[in-house]
Structure formats: C-alpha cells, structure tokens
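Q: So the protein lines, in turn, are chains A and B.
Numbered according to our numbering, the first sequence terminates at residue 559, and the numbering increases by one at each position without gaps.
Numbered according to our numbering, the second sequence terminates at residue 883, and the numbering increases by one at each position without gaps.
Keep in mind that a hint or two might mislead.
With a Cα cut of at most 25 Å, we get these calculated SDA-like pairs of lysine to any residue [claimed, not checked]:
(1) K835(B) - G242(A)
(2) K730(B) - F582(B)
(3) K666(B) - L247(A)
(4) K835(B) - V820(B)
(5) K666(B) - T65(A)
(6) K730(B) - E772(B)
(7) K730(B) - R690(B)
(8) K671(B) - P191(A)
(9) K110(A) - R24(A)
(10) K835(B) - L247(A)
(11) K666(B) - M308(A)
(12) K541(A) - A240(A)
(13) K671(B) - Y344(A)
(14) K671(B) - Q784(B)
(15) K835(B) - A240(A)
(16) K666(B) - P64(A)
(17) K606(B) - Y344(A)
Because the hints were derived from the structure by calculation, they are not lab data.
Bear in mind the structure is a predicted one, so any value in this text is a computation, not a measurement.
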Amino acid sequence: MSTAPTAEVVRREENYLNVSYGIRSWLLTTDHKRIALLYLASVTVFFFLGGVFAVLIRLNLFTPTGDLVSAATYNKLFTMHGVVMIFFFLIPSIPAVLGNFLIPLMIGAKDLAFPRLNLASWYLFNMGGLIVLYSILSGGIDTGWTFYTPFSSVYSNTHVVSTIFGIFIAGFSSILTGLNFIVTIHTMRAPGMTWFRLPLFVWTHYATSLIFVLGTPVIAITLALVAAERLFHLGIFNPALGGDPLLFQHLFWFYSHPAVYIMVLPAMGVTTELITTFARKKLFGYSFVAAASLAIAVIGFLVWGHHMFVAGQSAYAAMIFSLLSYLVAIPSAVKVFNWTATLYKGSVSWATPMLYGLGFIGLFVMGGLTGLFLAALGVDVHVHDTYFVVAHFHYIMVGGAVMGYLGGLHYWWPKISGRLYPEALARFAAIVLFIGFNLTFFPQFILGYLGMPRRYHAYPPEFQVLNVLSTAGASILAIGYLLPMAYFIWSMRYGPAAGPNPWPATGLEWLTPSPPPPHNFDETPTVTWEPYDFPNRPDLKYPSPVVAVRQLGPTPQEE
Amino acid sequence: MLTRLPLFPESASTMAGRVDALFFFLLGFSVLLSLLIFILIIGFSIKYRRRASNEIGASIGGSLRLETLWIVIPFLLSMVMFAWGADLYISIRQPPPQALEIFVVAKQWMWKLQHPEGQMEINELHVPLGRDIQLTMTSEDVIHDFFVPAFRVKADVLPGRYTTIWFHATKPGRYHLFCAQYCGTNHAQMGGWVEVMEPAAFEFWLAGGTAEESMAEAGARLFQQFACANCHRPSGQGRGPSLVGLYGSQVRLQEGETVLVDNDYLRESILTPRAKIAAGYEPVMPVFQGLVNEQQVLQLIAYIKSLASPPPVAEQQRSELPSQ
Numbered sequence: 001m002s003t004a005p006t007a008e009v010v011r012r013e014e015n016y017l018n019v020s021y022g023i024r025s026w027l028l029t030t031d032h033k034r035i036a037l038l039y040l041a042s043v044t045v046f047f048f049l050g051g052v053f054a055v056l057i058r059l060n061l062f063t064p065t066g067d068l069v070s071a072a073t074y075n076k077l078f079t080m081h082g083v084v085m086i087f088f089f090l091i092p093s094i095p096a097v098l099g100n101f102l103i104p105l106m107i108g109a110k111d112l113a114f115p116r117l118n119l120a121s122w123y124l125f126n127m128g129g130l131i132v133l134y135s136i137l138s139g140g141i142d143t144g145w146t147f148y149t150p151f152s153s154v155y156s157n158t159h160v161v162s163t164i165f166g167i168f169i170a171g172f173s174s175i176l177t178g179l180n181f182i183v184t185i186h187t188m189r190a191p192g193m194t195w196f197r198l199p200l201f202v203w204t205h206y207a208t209s210l211i212f213v214l215g216t217p218v219i220a221i222t223l224a225l226v227a228a229e230r231l232f233h234l235g236i237f238n239p240a241l242g243g244d245p246l247l248f249q250h251l252f253w254f255y256s257h258p259a260v261y262i263m264v265l266p267a268m269g270v271t272t273e274l275i276t277t278f279a280r281k282k283l284f285g286y287s288f289v290a291a292a293s294l295a296i297a298v299i300g301f302l303v304w305g306h307h308m309f310v311a312g313q314s315a316y317a318a319m320i321f322s323l324l325s326y327l328v329a330i331p332s333a334v335k336v337f338n339w340t341a342t343l344y345k346g347s348v349s350w351a352t353p354m355l356y357g358l359g360f361i362g363l364f365v366m367g368g369l370t371g372l373f374l375a376a377l378g379v380d381v382h383v384h385d386t387y388f389v390v391a392h393f394h395y396i397m398v399g400g401a402v403m404g405y406l407g408g409l410h411y412w413w414p415k416i417s418g419r420l421y422p423e424a425l426a427r428f429a430a431i432v433l434f435i436g437f438n439l440t441f442f443p444q445f446i447l448g449y450l451g452m453p454r455r456y457h458a459y460p461p462e463f464q465v466l467n468v469l470s471t472a473g474a475s476i477l478a479i480g481y482l483l484p485m486a487y488f489i490w491s492m493r494y495g496p497a498a499g500p501n502p503w504p505a506t507g508l509e510w511l512t513p514s515p516p517p518p519h520n521f522d523e524t525p526t527v528t529w530e531p532y533d534f535p536n537r538p539d540l541k542y543p544s545p546v547v548a549v550r551q552l553g554p555t556p557q558e559e
Numbered sequence: 560m561l562t563r564l565p566l567f568p569e570s571a572s573t574m575a576g577r578v579d580a581l582f583f584f585l586l587g588f589s590v591l592l593s594l595l596i597f598i599l600i601i602g603f604s605i606k607y608r609r610r611a612s613n614e615i616g617a618s619i620g621g622s623l624r625l626e627t628l629w630i631v632i633p634f635l636l637s638m639v640m641f642a643w644g645a646d647l648y649i650s651i652r653q654p655p656p657q658a659l660e661i662f663v664v665a666k667q668w669m670w671k672l673q674h675p676e677g678q679m680e681i682n683e684l685h686v687p688l689g690r691d692i693q694l695t696m697t698s699e700d701v702i703h704d705f706f707v708p709a710f711r712v713k714a715d716v717l718p719g720r721y722t723t724i725w726f727h728a729t730k731p732g733r734y735h736l737f738c739a740q741y742c743g744t745n746h747a748q749m750g751g752w753v754e755v756m757e758p759a760a761f762e763f764w765l766a767g768g769t770a771e772e773s774m775a776e777a778g779a780r781l782f783q784q785f786a787c788a789n790c791h792r793p794s795g796q797g798r799g800p801s802l803v804g805l806y807g808s809q810v811r812l813q814e815g816e817t818v819l820v821d822n823d824y825l826r827e828s829i830l831t832p833r834a835k836i837a838a839g840y841e842p843v844m845p846v847f848q849g850l851v852n853e854q855q856v857l858q859l860i861a862y863i864k865s866l867a868s869p870p871p872v873a874e875q876q877r878s879e880l881p882s883q
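Please model the complete structure; the sequences and the hints are all you need to start from.
A: What follows is the structure, encoded as structure tokens:
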C-alpha cells in the first residue's frame, strides 16, 4: 500500500502515447499498450466490415422473396459476416485489445513476457485478415462460417482454400497471445499479487488463454484437412472417397464450441470489474467466480457434440453431450448469481460502463437460458438450425461479448486515452444499443420456434412481420454502434482530462497515470490488499474527503 | 391457415404436443428465473443507488451457504431438463416397429421421395393420417436436413449413409417441409410440402399414381439386370450367400464378429462389398459404386427386404389400410 499514493501523485509528462511519434514508432513498437491500440484499430475495421454484411443480410430479409441480393450473394454475405465477426472481431476483441493493454498493468508488470512475440501476433492477425479480405474481394466464400463438409471440401465453387488459409494464419496469433498471457500471469505478478488477489479480468483471460493454446491447433489442423481434400482429393471427409463428413463436425466443434467461451469469458471478466467498481463493493464469492471461469474452460471442451444432436451421431453420444452441456451451464449461472449478490448493499452508480455491465447480465441470462432449450435433446430436434439458434448465439455473442467489450472500452477509455467521454451521450448510446439489440434478436426466437430455418435467402410470407421487426431493430442497433465510435474519437481531442483513477477503482492499473508511462509503473507496486476491497483502500480519492460506509445489519458470514 | 403474425407453430403430430410440453416447462422456468434476476438487479440498483459521491458498499465477501444453494438447486433442476429431454429424444429417434417406410433421396436442391408401392414424388410427400411413418433418407451430394416444423422433427440427411426420422400425423393439412442444413446456393428453395390425408383419400391418391412397379419389383428387376441372381441363389448353393430371410438377421463375418443386416449394411455390401465379407464366402463380388444410384440401391434393399420372412411389414400393413 505504501507505494500506491506516491505513484498516483507523481504525474509525469511522458506517457506511452507521446513518448515517440511517427508511423515507425507504432509499427515497430513492443509496448503492449501500443500493440493493444493497433489491435483496436484492426478489430474495429473488421467489426464494421462484418457489420456491413449484417446490414445487407437484414435488408435482404425485409421481404420474403429476398429481393435485394441473389441467393448466391446472400450465402456469401452470411458466410463472410460469420467469418469476419467470429475470427477477426469476437475472438480477438477483448483479449487482444483490453487484455493486451490491461493484463500487465493489472498484475503490476512492465510488459507482457514476450513483447516481440506480441507484436508478431498482431502482424500474423493482420496477415490472416488480409488474406481473408483478398478472398472476399476476389469473389467471396459461400460455405457458412462452419465449413461443413463435403459441401466445403467438394461442392462449393468459391474461395474456400484462401479463406481457410487466412483463418489458419490468424489462428497463430491467438495461440501466441494465449501463450504470452499464460506465461505473463504465471511469472510476472508484482510482489504480493497472489493468485487470489488477481482481478477476475485476469482469471478469465487465463482461462481463455488455455482455450487459445489447447483449442486453436485443432481448428488449424481441421481446416488444413479440408484444404487437403479440396486440393488433392484425399478422402478424409467426403464419403464418395471413403471419408466421413461427421468427422469434420466433431473436429470443427471441438474447437468452435470452446471458441464461444473464448468470446464470452473475457466479457465475463470485464463485467466483474464493472459490477465491483460501480457498486463499490467486494465481489461476492470471489473464489467461486474464479473457479467458475476455469470450470467453464475445462467442461467447455467436452460439450461439442451438442451441435450434432440431429447430425446422425448415436443417441447415447447425444445424451452424454446433453448432460455435459447442462453441467457447463452451472458455472455460468453461479457467476450471474454472484454478480447479482454483489449489488446487494452496494453503492450502485449508473455510470455508462455499469449500464453495459447490467445490460450484459440481462442479455447473458436470456442467452444462457435459451441455451437450456438447445441442450434439451427433444426440444433441440425442433429448434436446431432454426432462427432460435441464431437468436440464442447472438444473445451470447452480441448481447454478451460485444456488450462486455463496449462496457470495458468505456470503463478503461480514461486509462487508455487519458480523457473522459461525454457521459450523457454515452448513456444514451448504451440504451439505444440495448433496445436495438432486443428488437433485432428477440423476434428471431419466435421465428425459430415457428420453424424458420437459418441461412435462408427467402422465406414463407407468414414470417415477414417478425423479420421486418428484426430488420428495424438492426437499424437502431447500427446507430448504437456508430455513436460510441464518434464520441470516442471526439474525446481523444476534446474530452476532459481523466486523471489516474476517475471512478475510483481498486485495480493496479488505476495507480499509474492516465495514459500510463511507457513502462507502466515508476516503481513496481507491492500489493497488500484483497481485490475490490474498497473499505481498506484509504489511498482511493473519492470526490468528497469523507468516506461513508453504508451501515449494515449483521455481517453475513465470510467464506 | 396463414395468419400475418403467427407466434406459435401448428401442431400436427403425436410428437408435437410432447415437444411443446417440455418447451413450455423450459419457458416457464426461464421466465421465472430471469424475472427473479431482473427484479433483484433492478431492485438493488435502485434501492442501493449511490446517494453520496463518496459512499462505498458494505463489506460482504460471500456466503458458502448461498453458493451451495445456487449450485445445487440449478443442478437438480437441470437434471430434470436433461432427463425429460433425453426421454423425448429416445422416442423421436426410435421408429415404432410397424412403421410404414418411405424412402428419401436428397440432392442439391430437391427432395426425391418414393413410396414402397413405387409411387415417386418430388418436393411433396403425401402421407396418411394416423399411421406411423418412417423415412429412410440419404443424400446424393452434400448434407441436407429433413425438417417439418408442424411435426417437430428433423434429421440431417447425409451422403454415404442412411438416417431415419419418423412421425405420426394427427391432423390433415399441408405442412412446410424445409431443408434445415445449409446445402449451397438454392438452400432456401429446397423445400416443399407434406400433405397429410385421410386414409381413404390417401388410398385414392396412391391408386391414381403412375407407378408401374413397386420398389421391391423394381429391385427384383435390377437384381436380374445386374446378374446378382447368378451368385446369390435362393438355395444358398451360389458363390454368394442366399438373400432369403436375410434382412434383420445377424450375419457372421470372416473376422468372427457378427453384424445386423439392416439398410446401412446392405447399402455398404452392394456399393463396396469388400468392406465386410460374410464368413464362408470369397470376396468375389464386384464393386457397384458408380454403377447404381442411390434410388436403385434403395430399390434393391426393398427387394432384399421382401425376401425376408415373414412377408414385408410395410406391404402387409398397406393392404390392411382400407378397412380402417
């Protein structure tokens, strides 16, 4: 605790943004904070590209006959929407941007363990992205982001191999980032920063990194096999050549189900930080929330078969996968209950990041509960491959992961940029996003149970009203995404200076100036406090000098 | 039938009600749990809203009792969902033994269906009301999926193997048939209708068709045409095993294991005979992959089935139909 106030008082002129200028100083940087901003630029480009595809998809579905684009074009649009959003936005977004920026700061380190490897990851990511962009510009791909064989390996006439190659390359950036995080978290924690004093953001990134390292090679091998069958006619997945099409699905989902947790675990980490900071309260059940992250990562590797309940796998396999899918729901539920309990007797602020945090919980609850429908074998048979599934995973991916990402971006923006964003406008944007999101995706649950299959360029006329609602929602959602983009850029120049710890919050990242100096801390901090322990942090500066602890009845038992 | 804003699908099979029951159970649970969480979140956020800018929350670290409670209760409830869903799934996956079998061949982008009597249909399936219907399905190219929302059943249709689906229609009418597994450019067009007819009307429809021969008869013709009978003699004295009474029996293979003679085994034995050799026979049968199409394989299977004793179930049932 002794170093904390001094680190805060000394405001240095030099920070990671102004230490050097010029394009070379960015493209050759090994500073994790600058690399995080490079990633921010890259994933923002991909997010808007994927968003444009989404807008075209929704516009096409405005009419039952799908008048905007041809069937072939529509198939390419939803494929490229999926490929870009999943591999080039959702998977890297929180880990590579916020994780990169914050993990060294949060554990009191000067950088990641392998700074040059970190820069190499960014180059690999962009190389993969450029190859995919090339595939898109030279005609696109129409296999769906799932690349099911034998359609992808034999029948599709589009740019399958080059797209797969791009994803293959980008996969190495995931593996290297995961490796970097694991080594950093193990070896570079500041004195006193024990495992159970780590912010939950770090725990979830640790769990995510395990999936990066263990899962990504499997998708790389699988996609390489698809390319091999396509190029050299090896009989791996094509039954006409003695292959097995279901083998592909097993291998694909062995990575791609855990990949869902790659996308949502970091968002859970962000949400934990938001809830504790804006309720100014210790996290309820810290060890349970931390253990839940690891449980999700581990059990998440054992549930891939729930994507194949109607695919032709054996009924017994399906039952095991259903059982395990219910088990993986429990740690997610535990997190939700602990977040809710954390609000109890807190001092709850409704600042913008908290709106995202609470929005995340609400949408994640709905996404998670509808997951129970899909895990129920008998019901999944009906809703499988319908819009029910589309709605479910958008509640998790967009309602969960993107809300978490935006919440985190708002929360740490003062640290990243040194500036505050316009609070009223930001709250307005958060509410617009929440409304637009629900209007877009809630009707899709109804469409799904009615039986509208996914990936349909045209649909029976009785489904039109719900589709029009969804399209209307999407246009509101689009405005909700453009607003933060605009005011973040505005605030970089015109926003009021944030100071080191504007909320205030308890993490080590808030002990250093905003924006942080190139090496993060002048002196390595020593941690003597528990995480999120507001009452025992006299160094935190509240707007008024008197700290009023909410008066309580009997204190519930500590675990 | 078509309203402008339907909110719930039609129910037209025995399975529909059972699936809907579990759906409503899950819906009820979800609504209650989300209401609980939303009320608590919103309630806490209002009740404990920050009243002074320097206020901080109470010092509460957690509660082992609460953690146990909200691990154990959701676990138990989820096991109820699992068991209910699994029970339903077994019913969906297990066709009743006396089901009327119809054969489906999917290709980009159409459904070809054939009744045992030989009647062929494209993108339309006529079935009688009140009978168990089993579809045996395969694909000529990529993976498709046979989906009838009003029946709450669906199954992927794969190249190189048979998958099955069954239903028991309870309401006459025309119901959407969709391909639910993305299969290429005209995936959205790969649909049609299932028409459920009163049994008498169905008989009339079946009699009015242009089928010249039943599937088994067509299979018998192919059996002669490909000279299968030269080796597979009914007496069992040929170079290949006799096919009389074969379907549904257990066959011993060269390696000593036994295998059940079903559609998949017969399909494999016709297309790639060397995959499994029956004990006591030489691997002399030529490969028919590329010589017969999926439809013909199904007809050959129908013929081999008809050689089984007792006489094929489907035909026996079909002849009893008008008396219903």
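Q: Are the hints correct? Go through all of them and say.
A: Consistency of the hints with the structure:
For the given pair, K835(B) sits about 14 Å from G242(A) by alpha-carbon distance, which is consistent with the 25 Å threshold. Restraint check for K730(B) and F582(B): the C-alpha separation of about 21 Å stays at or below 25 Å, so the hint holds. For the given pair, K666(B) sits about 21 Å from L247(A) by alpha-carbon distance, which is consistent with the 25 Å threshold. Restraint check for K835(B) and V820(B): the C-alpha separation of about 11 Å stays at or below 25 Å, so the hint holds.
For the given pair, K666(B) sits about 23 Å from T65(A) by alpha-carbon distance, which is consistent with the 25 Å threshold. As the CA atoms of K730(B) and E772(B) are separated by approximately 30 Å, the hinted pair breaks the 25 Å bound. Straight-line distance between C-alpha atoms of K730(B) and R690(B) comes to about 11 Å, which keeps the hinted pair within the 25 Å bound. For the hint linking K671(B) to P191(A), the alpha-carbon distance of about 71 Å lies beyond 25 Å, and the restraint is violated.
The suggested pairing of K110(A) with R24(A) holds, with an alpha-carbon distance near 21 Å, which does not exceed 25 Å. This hinted pair checks out: K835(B) and L247(A) have alpha carbons roughly 21 Å apart, not beyond 25 Å. Our distance criterion of 25 Å between C-alpha atoms is met by K666(B) and M308(A), whose separation comes to about 21 Å. A C-alpha spacing of about 70 Å is found between K541(A) and A240(A), which places the hinted pair above 25 Å, so the restraint is violated.
The hinted pair formed by K671(B) and Y344(A) fails the criterion: a straight-line CA distance of about 61 Å is larger than 25 Å. With a CA separation close to 23 Å, the supplied pair K671(B) and Q784(B) stays within the 25 Å bound. The straight-line distance between the Cα atoms of K835(B) and A240(A) is roughly 18 Å, inside the 25 Å bound, and the hint therefore holds. A distance of roughly 24 Å separates the Cα atoms of K666(B) and P64(A); the hinted pair therefore holds under the 25 Å criterion.
A hinted pair counts as satisfied when its Cα atoms are at most 25 Å apart, and K606(B) with Y344(A) qualifies at roughly 9 Å.
Checked against the numbered hints above, the structure violates hints 6, 8, 12 and 13; every other hint is satisfied.
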